[in-house]
Amino acid sequence: MRITGLGRGVLYVVGATVAMIKMPVRLKFSALRDVTLHDYVSRFALGGAITVLAGMIARYFGPVAGGVFLAFPAIFPASATLIEKHQRPKKQRAGIAFTLRGRLAAAIDARGATLGSIALVLFALVCWQGLPRHRPVGVLGIALALWLALATTLWRLRQWHGLIRARHRRTPSR
Amino acid sequence: MELLIRVLTGGAIISVFALAGDVLKPKSFAGLFAAAPSVALASLALTIVNDGAAFAAVEARSMVVGALGFFVYARCCVDLMGTRHQSAMSATLCALPVWAAVSFTLWALLLR
Numbered sequence: 099m100r101i102t103g104l105g106r107g108v109l110y111v112v113g114a115t116v117a118m119i120k121m122p123v124r125l126k127f128s129a130l131r132d133v134t135l136h137d138y139v140s141r142f143a144l145g146g147a148i149t150v151l152a153g154m155i156a157r158y159f160g161p162v163a164g165g166v167f168l169a170f171p172a173i174f175p176a177s178a179t180l181i182e183k184h185q186r187p188k189k190q191r192a193g194i195a196f197t198l199r200g201r202l203a204a205a206i207d208a209r210g211a212t213l214g215s216i217a218l219v220l221f222a223l224v225c226w227q228g229l230p231r232h233r234p235v236g237v238l239g240i241a242l243a244l245w246l247a248l249a250t251t252l253w254r255l256r257q258w259h260g261l262i263r264a265r266h267r268r269t270p271s272r
Numbered sequence: 013m014e015l016l017i018r019v020l021t022g023g024a025i026i027s028v029f030a031l032a033g034d035v036l037k038p039k040s041f042a043g044l045f046a047a048a049p050s051v052a053l054a055s056l057a058l059t060i061v062n063d064g065a066a067f068a069a070v071e072a073r074s075m076v077v078g079a080l081g082f083f084v085y086a087r088c089c090v091d092l093m094g095t096r097h098q099s100a101m102s103a104t105l106c107a108l109p110v111w112a113a114v115s116f117t118l119w120a121l122l123l124r
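One line per chain: the protein sequences are A and B, in this order.
Residue 99 is where the first sequence starts when you use my numbering, and the numbers rise one by one after that.
Residue 13 is where the second sequence starts when you use my numbering, and the numbers rise one by one after that.
Rather than coming from a laboratory, the hints here were simulated on the basis of the structure.
There's no promise every hint is true.
What the hints assert, rightly or not - Capping the alpha-carbon separation at 20 Å, the derived lysine to aspartate or glutamate pairs in EDC-like fashion look like this:
(1) A/126 - A/137
(2) B/39 - A/137
(3) A/183 - B/63
Isolated chain A (complex conformation) (with noise of 0.2 Å):
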């Protein structure tokens, strides 16, 4: 595929800002631990039968209608739920029986899919407007780049944004 213009300069910046900013993100692999072979099954069905939903809408009732469920929030309610349930274990053996914790995390990992939620309508415009002029393999790929470039970077300016704001609530005022 061949970008030209606009689009080639679109894809410089983004990468540019991404690849600059110090990015403070980590691998926990010790994380899979925590889940379950029931989670993995369950978010792979899951994941099947929303794939066959959205197929079936579009064959029966039509592109424009079954477009719709490509953005269905497939698999946040399950990965919601397990953060809330991972944190709930760990506060038992600390001797606190209710704690808010877990769904606090979940909250912070909703704001986190709000972010994504914003890049994946940059996802849908490049592919509804790449997929008829430019090879389909390409399109996918560089709308998917896109999608981590743009959630990558809203996240790393809300960080900023937070960091700001918590200085300025330290500073006393003169």
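Given chain A, work out where chain B should sit, using these hints.
Quick look at chain B alone, frame taken from chain A:
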């Protein structure tokens, strides 16, 4: 056979994104992957193979309103869990009609 391929492809792609959400820290960054285009990737790829790129492009156009619905849905979930301290399961399931209402209202107004 096509149904089986859809189940396997959709399940596999969504599981990969969910796994990324599990291992990435901090939580707010992992949350980005809860709104990853996992269903879209699987569905669009299969639609391109079966019905062609033009058909998939029409689906992607409708996906724009679905994504806007997802944004409002996720904001509702933040409020329900973070401020009203509802459980994750009840908040995420109770807010699903919000996704449907926003998405299909926009769909009816703009795309139908």
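Tested hints:
{"no.": "1", "hint": "A/126 - A/137", "in the structure": "holds, 18 Å"}
{"no.": "2", "hint": "B/39 - A/137", "in the structure": "holds, 18 Å"}
{"no.": "3", "hint": "A/183 - B/63", "in the structure": "violated, 41 Å"}
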